[in-house]
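Novice: One letter stands for each residue in the lines below.
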Amino acid sequence: MGLLSVAIWLPIAVGLLLFALGRDDNAVMVRWLALIGAVASLLVTLPLITGFDVTTAAMQFQENQPWIDRFNVRYRLGVDGISMWFVPLTAFMTVVVVIAGWEVITDRVAHYMGAFLILSGLMVGVFAALDGLLFYVFFEATLIPMYIIIGIWGGPKRVYAAFKFFLYTLAGSLLMLVALIYLYYKSGGSFDILTWHKLPLRGGAQTLLFFAFLAAFSVKVPMWPVHTWLPDAHVEAPTGGSVVLAAIMLKLGAYGFLRFSLPIVPDASREWAWFIIALSLIAVVYIGLVALVQQDMKKLVAYSSVAHMGFVTLGFFIFSDLGVSGGLVQMISHGFISGAMFLCIGVLYDRVHSREIAAYGGVVNTMPKFAALGVLFAMANCGLPGTSGFVGEWMVILGTVKMNFWLAALAATTLVFGAAYTLWMVKRVYFGDVANANVKALADLNAREFAMLAILAVAVLWMGVYPKPFTDVMNVSVGELLKHVAQSKLL
Amino acid sequence: MSDFNWLIIYPEIVLLVMACVVAIVDLYVTDPQRRVTYWLTQLTFVAAGALHLGLIDVNLPYGLQDMVVSDAMGHTLAFFACVAMVITMAYAQPYIASRDMLKGEFFTLSMFVLLGISVMTSANNFLVIYLGLELMSLSLYALTALRRDHAIATEAAMKYFVLGALASGFLLYGLSMMYGATRSLNIPEVFTAIGSGQINPSVLTFGVVFVVAGLAFKLGAVPFHMWVPDVYHGAPTAVTLLIGGAPKLAAFAITMRLLVEGMLGLAVDWQQMLVVLSVASLVVGNLAAIAQSNLKRMLAYSTISQMGFMLLGMTAGVVTGNTLSAGNAYSSSMFYLVTYVLTTLGTFGMIMYLSRQGHESEEISDLAGLGKRAPWLAGVMSLFMFSLAGVPPTVGFYGKLAVLQALVTTNVPGYIVLAVVAVLMSLVGAYYYLRIVKVMYFDAIAAGTPAIERHQGISAVLALNGGAVIVLGLLPGGLMALCRDAILKALAS
Chain U
0 MGLLSVAIWL PIAVGLLLFA LGRDDNAVMV RWLALIGAVA SLLVTLPLIT
50 GFDVTTAAMQ FQENQPWIDR FNVRYRLGVD GISMWFVPLT AFMTVVVVIA
100 GWEVITDRVA HYMGAFLILS GLMVGVFAAL DGLLFYVFFE ATLIPMYIII
150 GIWGGPKRVY AAFKFFLYTL AGSLLMLVAL IYLYYKSGGS FDILTWHKLP
200 LRGGAQTLLF FAFLAAFSVK VPMWPVHTWL PDAHVEAPTG GSVVLAAIML
250 KLGAYGFLRF SLPIVPDASR EWAWFIIALS LIAVVYIGLV ALVQQDMKKL
300 VAYSSVAHMG FVTLGFFIFS DLGVSGGLVQ MISHGFISGA MFLCIGVLYD
350 RVHSREIAAY GGVVNTMPKF AALGVLFAMA NCGLPGTSGF VGEWMVILGT
400 VKMNFWLAAL AATTLVFGAA YTLWMVKRVY FGDVANANVK ALADLNAREF
450 AMLAILAVAV LWMGVYPKPF TDVMNVSVGE LLKHVAQSKL L
Chain P
0 MSDFNWLIIY PEIVLLVMAC VVAIVDLYVT DPQRRVTYWL TQLTFVAAGA
50 LHLGLIDVNL PYGLQDMVVS DAMGHTLAFF ACVAMVITMA YAQPYIASRD
100 MLKGEFFTLS MFVLLGISVM TSANNFLVIY LGLELMSLSL YALTALRRDH
150 AIATEAAMKY FVLGALASGF LLYGLSMMYG ATRSLNIPEV FTAIGSGQIN
200 PSVLTFGVVF VVAGLAFKLG AVPFHMWVPD VYHGAPTAVT LLIGGAPKLA
250 AFAITMRLLV EGMLGLAVDW QQMLVVLSVA SLVVGNLAAI AQSNLKRMLA
300 YSTISQMGFM LLGMTAGVVT GNTLSAGNAY SSSMFYLVTY VLTTLGTFGM
350 IMYLSRQGHE SEEISDLAGL GKRAPWLAGV MSLFMFSLAG VPPTVGFYGK
400 LAVLQALVTT NVPGYIVLAV VAVLMSLVGA YYYLRIVKVM YFDAIAAGTP
450 AIERHQGISA VLALNGGAVI VLGLLPGGLM ALCRDAILKA LAS
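Chains as they are written, first to last, in numbering that gives the first Met the number 0: chain U, 0 to 490; chain P, 0 to 492.
Misleading hints may appear alongside valid ones.
[Unchecked claim] Taking CB as the label site, the calculated pair distances span:
#1 U:GLN486 with P:ASN321: 43 to 49 angstroms
#2 P:GLY447 with U:GLN64: 48 to 54 angstroms
#3 U:GLN294 with P:HIS358: 42 to 48 angstroms
#4 P:SER364 with U:VAL464: 55 to 61 angstroms
#5 P:SER97 with U:ILE454: 53 to 59 angstroms
#6 U:ASN63 with P:ALA480: 19 to 25 angstroms
#7 U:ILE454 with P:ALA96: 56 to 62 angstroms
[Stated by the list, open to error] No more than 25 angstroms apart at the CA atoms, straight line, and that leaves these computed lysine to aspartate or glutamate pairs for DMTMM-like:
#8 P:LYS488 with U:ASP68
#9 P:LYS371 with U:ASP106
#10 P:LYS371 with U:GLU102
#11 U:LYS163 with U:GLU355
To be clear, the hints were calculated from the coordinates, so they are not data collected in a lab.
Think of the CB as a built atom: it goes at the ideal place given N, C-alpha and C, for glycine as much as any other residue.
Here chain U stands alone, though its shape is the one from the complex (with noise of 0.2 angstroms):
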């Protein structure tokens, strides 16, 4: 078994262990077990990061076998500079949700557990396969342990948003599989998704191909107009399942465009860049003002990730080297960032039971050590240079520059607008006077909380000093892509 599969199955097995154990009276055992499977399947990962060969744009630490031969797919995995680093990534963000559910969740623990382990397995899955049958199942199946995950810890409209959340998604990804068979029919039977990036295809052909992946990845990402389901999920999430949506999750839609929209439809790529453009750029201007009138802290960082996403899109699409690479760096930057921020709303809400804006206010004069964390984390949102937020912006902002000066000048609106929520947020949350009995009696961070945020706040800031280790694996695969997608694959 090589290394991808341990980091595939081990929280798998791990989760499917807890769900075995089931009962609420062994809450402290199945805690501890959650902790140590979430950090060995850290652990498990870490050979990747020291192991990757940044030379080289080719699959590594690949596996490869037969699976179901009646349709030839095959358990094929391997990671590249563009997908390896999200494997140590939704390792990490378990281990972290694992810890923030440590004392929040009372009611079922071990199911909550199990579901975040399987779930952080399955995702893992959904970066390392290469073989399109094998990642549709990883990424179909996520779908049901999130839902789950919503719907039994989630908030007071739980119901409507675990299946809002659901059917968006299977709506998207059902018209991918018809897509998926078709390449499967117009390779000569192959499921393998490096075949397919070689694979000719005509023009009207690619087209159809290209929309249907888009179905299946705008919604994941989730770009404008169909993220309508995100704000929904998040608010309802539990603390946890928002920190995942967020830092993962939405991760696995633009994972997609750079797997299978652009090398495998090149030439329709190309064609319809000023839609995804234009797209992203109302996702990052238009969501970019609804975040600000939003009165729940929740919704506000949701439509807040739309619009960071949305530059993540509009970086694959200007196919250039900061573009492309600027995206990644941004996916991986938000995924700390937000997930610190949907931290920081639960520390609160675990508190006062209120998400909502007005309700807090001069929460740093009882709470001095969570409100330094959480001004950090408000400053990386809105991409204060020396944080995380800041490079992968930058990155892609400079890419549109050298393709056209006014849609950068669109996209820089963003370090506006995204600084106008934020701050405005962290100015009626954080300070000012004390604004209630409720923020009076508000303690201050505890051991467990503080771990959680200030693994966090190293990262991000970690990342925006030195974010070589990011960018060198990326290069050359990102490079190897560009170059990729330059050609024409037209019949």
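Starting from the known structure of chain U, fit chain P onto it as the hints suggest.
Specialist: For chain P alone, kept in the frame of chain U given last:
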């Protein structure tokens, strides 16, 4: 070829003899649990299944002077039918015991049902098909009416009988037209006669319309679906399971025998009809299922839509006049159906497990809070629901994949549109399957829900059934290959 080849009908002989034996033995059994009869029945089903399994590779194509055919497809389907009956009986035994239905009739009639199925899967002659069909149907009508004092069940039985008789009439009428035109009842001879091109096509088309209508009724495809919700709802759950499980395999078998082996030359005609039937079934079944509050009714409508999906695979066999894709298309349908039956067995088994004397547990709301009351049962039920919805990694996904693949690889735009329609309708389907999961996990336990009567044996069967759904979902290759081989051999002969 006029040999008798008794060997290939050993399973049928065993079933017939044992059905009589059980009927007689039951007279002398006073044991309130009737364990002897139950175990004798199970033993017979196992024996019949083993015989069918052993006969898959025996190379004796025809028997009883060409009345029956012995091929891999027939024996494989019959084998799965036996497995389905064993599982059905296991689920049903405690259920019927607590409802005063644990009589010899139940077992004898069930054995006749399986005998009918067995005859149908190996029929090589129009009349043998009809014989098997009637044997199965009449036994099922009687089983539905087994609770004489139960108004809804009796009504369902009447409805089932009247509409079923009508459908049998359709089928018989269609077959008589075919006989008139081709001067043969023997399926291969009919095939040759149609292929000769000497026969008036309008007579054949006329005949095939009636045949398809009759088959559509048995499969429960729209617009011949009216009986399905009422019978599924009205029949005692044990009998619903009998109707919804193994007989579907038989219906598929006679569809293959009649339409493919007999009338492949008319594929252009019947494929168009099947397209209409399947799209209508997908739409009506899925949309109507949303509105149901009764679980059995919902599953009935879901069955209609699933049959529509299965039939879609049958439509892709002959594309622009060539039959290259036939094996692919029909084996996809077969795989879809086998996996569907497996999942349905578990679903109804679960309903029976949760019910008890005076509490049928057939409303969707009866499942409320099951995730808390019985996490294992709720987990297994969720697996069934996700499988019916076609979400990976459950086996239902691969059934859908196989059928969609058969449609898309025809590379005809019309079929690709069909595939898109199918996935959109399965999106609608996902909604009501998910609703079950929602009720089990997200809703609070309703007051006054009686405690679940635990039964070790049955819960083990349920767990195995759920395990099969997930294991076949992770490793579906073997079953797919089995279906493919069976269909390819059937087509080659």
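Novice: Run every hint past the structure and note whether it holds.
Specialist: Hint by hint, here is what the structure shows:
1. U:GLN486 with P:ASN321: 43 to 49 angstroms: This hint is violated: roughly 36 angstroms between Cβ atoms.
2. P:GLY447 with U:GLN64: 48 to 54 angstroms: holds (53 angstroms)
3. U:GLN294 with P:HIS358: 42 to 48 angstroms: The hint (42 to 48 angstroms, Cβ to Cβ) holds, given that U:GLN294 and P:HIS358 are roughly 47 angstroms apart.
4. P:SER364 with U:VAL464: 55 to 61 angstroms: holds (57 angstroms)
5. P:SER97 with U:ILE454: 53 to 59 angstroms: With Cβ atoms ~57 angstroms apart, the hint holds.
6. U:ASN63 with P:ALA480: 19 to 25 angstroms: holds (20 angstroms)
7. U:ILE454 with P:ALA96: 56 to 62 angstroms: About 59 angstroms separates the Cβ atoms of U:ILE454 and P:ALA96, which means 56 to 62 angstroms holds.
8. P:LYS488 with U:ASP68: holds (18 angstroms)
9. P:LYS371 with U:ASP106: holds (10 angstroms)
10. P:LYS371 with U:GLU102: holds (20 angstroms)
11. U:LYS163 with U:GLU355: holds (23 angstroms)
Hint compliance for this structure: hint 1 alone is broken.
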